[in-house]
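Visitor: These are the residues of each chain, in order.
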Amino acid sequence: DAGVIQSPRHEVTEMGQEVTLRCKPISGHNSLFWYRQTMMRGLELLIYFNNNVPIDDSGMPEDRFSAKMPNASFSTLKIQPSEPRDSAVYFCASRQGAGGNTEAFFGQGTRLTVV
Amino acid sequence: AQSVTQPDIHITVSEGASLELRCNYSYGATPYLFWYVQSPGQGLQLLLKYFSGDTLVQGIKGFEAEFKRSQSSFNLRKPSVHWSDAAEYFCAVGAHGNKLVFGAGTILRVKS
Chain V
1 DAGVIQSPRH EVTEMGQEVT LRCKPISGHN SLFWYRQTMM RGLELLIYFN
51 NNVPIDDSGM PEDRFSAKMP NASFSTLKIQ PSEPRDSAVY FCASRQGAGG
101 NTEAFFGQGT RLTVV
Chain E
1 AQSVTQPDIH ITVSEGASLE LRCNYSYGAT PYLFWYVQSP GQGLQLLLKY
51 FSGDTLVQGI KGFEAEFKRS QSSFNLRKPS VHWSDAAEYF CAVGAHGNKL
101 VFGAGTILRV KS
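Chains V and E are the protein sequences, given in the same order. So for the first sequence, this note's numbering puts the first residue at 1; every next one is plus one. So for the second sequence, this note's numbering puts the first residue at 1; every next one is plus one.
Please keep in mind that the hints were generated in silico from the structure rather than gathered at the bench. Treat the hints with caution; some may be incorrect.
In silico BS3-like cross-links for lysine-lysine, where the CA-CA straight-line distance does not exceed 27 Å [said to hold, decoys possible]:
no. : chain 1 : residue 1 : chain 2 : residue 2
1   : E       : 99        : E       : 49
2   : V       : 68        : V       : 78
3   : E       : 99        : E       : 111
4   : E       : 61        : E       : 111
5   : E       : 99        : V       : 68
6   : V       : 78        : E       : 99
7   : V       : 24        : E       : 111
8   : E       : 99        : E       : 68
9   : V       : 24        : V       : 68
10  : V       : 78        : V       : 24
11  : V       : 24        : E       : 68
12  : E       : 61        : E       : 49
Just so you have them, the derived chain E footprint on chain V, three or more residues with Cβ under 8 Å [as the list claims (entries may be wrong)]:
no. : region
13  : 64-74
14  : 107-113
Going by beta-carbon spacing under 8 Å, a handful of chain V positions derived as facing chain E [claimed, not checked]:
no. : residue
15  : 18
16  : 28
17  : 33
18  : 38
19  : 40
20  : 43
21  : 57
22  : 88
23  : 91
24  : 100
25  : 101
26  : 104
Don't be surprised by glycine CBs; every beta carbon is placed ideally from N, CA and C.
Model the full assembly from the supplied sequences, consistent with the hints where possible.
Guide: Below, the structure written as structure tokens:
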């Protein structure tokens with residue numbers, strides 16, 4: 001398996017534009033996580049899905065952020081409109097099972113810069 | 001809700017010296033505990049994990065960690081650090097409902 005695949009790896013956009021980050025989890029994994037990493041706030045859990053259903057989105061910073069998982073092999077994180085403070089590295093991770101006791105595998109991340 | 005504290009933001013050790021990175025967690029039940037490592041520009045890689053049983057767990061790259069329930073700790077150790085161990089290390093707790101929460105991370109610098 002190729003692991004968790006995120007695209008794009010880098011994204012530079014202007015303030016106010018819509019940004020869509022994509023994630024393909026490992027086949028057979030039924031849990032998916034979106035994290036944001038910044039120097040100031042570290043690694044923050046934004047949202048996670050079990051079996052394509054959003055379970056906890058309490059980490060989503062505001063309504064400008066939305067995430068979907070239309071099927072088991074694809075998820076998106078959208079920011080609309082984007083702001084400079086959204087600049088960060090966004091990671092997607094997937095794991096098998098929903099009991100909390102399995103390893104989460106991380107993608108390489110998407111480095112987002114909003115200018 | 002569960003939380004993780006890594007009290008050391010940066011640690012510098014000499015190559016060949018021993019290492020201990022601290023992690024304290026807060027969770028009402030038996031936690032699932034993990035240590036991950038992140039090299040610059042990369043995603044996170046699992047070093048080791050604890051679910052139950054023997055409280056001393058072995059991981060990859062010569063790392064080990066000890067779960068101490070009485071202290072709510074899960075400290076990471078390595079007897080002899082190599083220059084290639086320089087990276088950022090994250091402790092995480094997994095809990096009911098599959099939520100996985102990370103600490104702020106500890107940046108390890110290795111001096112030769």
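Visitor: It remains to establish, for every hint, whether it holds in the given structure.
Guide: Quick rundown of the hints versus the structure:
no. : hint           : result
1   : 99(E) x 49(E)  : holds, 15 Å
2   : 68(V) x 78(V)  : holds, 8 Å
3   : 99(E) x 111(E) : violated, 36 Å
4   : 61(E) x 111(E) : holds, 18 Å
5   : 99(E) x 68(V)  : holds, 17 Å
6   : 78(V) x 99(E)  : holds, 21 Å
7   : 24(V) x 111(E) : violated, 38 Å
8   : 99(E) x 68(E)  : holds, 22 Å
9   : 24(V) x 68(V)  : holds, 12 Å
10  : 78(V) x 24(V)  : holds, 15 Å
11  : 24(V) x 68(E)  : violated, 36 Å
12  : 61(E) x 49(E)  : holds, 14 Å
13  : 64-74          : violated (count 0)
14  : 107-113        : holds (count 3)
15  : 18             : violated, 25 Å
16  : 28             : violated, 16 Å
17  : 33             : holds, 6 Å
18  : 38             : violated, 11 Å
19  : 40             : violated, 10 Å
20  : 43             : holds, 4 Å
21  : 57             : violated, 12 Å
22  : 88             : violated, 14 Å
23  : 91             : holds, 6 Å
24  : 100            : holds, 4 Å
25  : 101            : holds, 5 Å
26  : 104            : holds, 6 Å
Of the hints listed earlier, those the structure fails to meet are numbers 3, 7, 11, 13, 15, 16, 18, 19, 21, 22, in rising order.
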